[in-house]
Amino acid sequence: MNIAEFWDLLARHDWTYDMSDDHRQWQRGREQAEHIQRVVKNSPPEFQELRKAFSDWAWGRSKVKPDRPE
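For the sequence shown, our numbering assigns the number 47 to the initial residue and increments by one for each residue that follows.
What the hints contain is simulated information worked out from the structure, not anything from laboratory work.
Be a bit skeptical, because a hint or two may be false.
EDC-like mimics (lysine to aspartate or glutamate), calculated; alpha carbons at most 20 Å apart, straight line [to be verified]:
hint: 1; residue 1: K98; residue 2: E80
hint: 2; residue 1: K98; residue 2: D64
hint: 3; residue 1: K111; residue 2: E95
hint: 4; residue 1: K111; residue 2: D54
hint: 5; residue 1: K98; residue 2: D60
hint: 6; residue 1: K87; residue 2: E51
hint: 7; residue 1: K87; residue 2: D102
hint: 8; residue 1: K87; residue 2: E77
hint: 9; residue 1: K109; residue 2: D60
hint: 10; residue 1: K98; residue 2: E116
hint: 11; residue 1: K98; residue 2: D113
hint: 12; residue 1: K87; residue 2: D54
hint: 13; residue 1: K109; residue 2: D54
hint: 14; residue 1: K109; residue 2: E80
hint: 15; residue 1: K87; residue 2: D68
hint: 16; residue 1: K111; residue 2: D68
hint: 17; residue 1: K98; residue 2: D54
hint: 18; residue 1: K98; residue 2: E51
Generate the whole structure from the sequences, applying the supplied hints.
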């Protein structure tokens, strides 16, 4: 997976899955979060930086959505 594909994965991720009342939605979100963590663990540091930037944006700690790398 390249960094642009990883950006797409982060953009589709349901960052609020943990608050869902629907177990299926929660399970999908949890599986996707675990997949994201596996990708980060096996990738260059830029992937972790992008995941952190997306998380900050998704949770309102940053007003700027990360740009998609080319």
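| query | Can you name, in rising order, the numbers of the hints this structure does not satisfy? | reply | 14, 15 and 16
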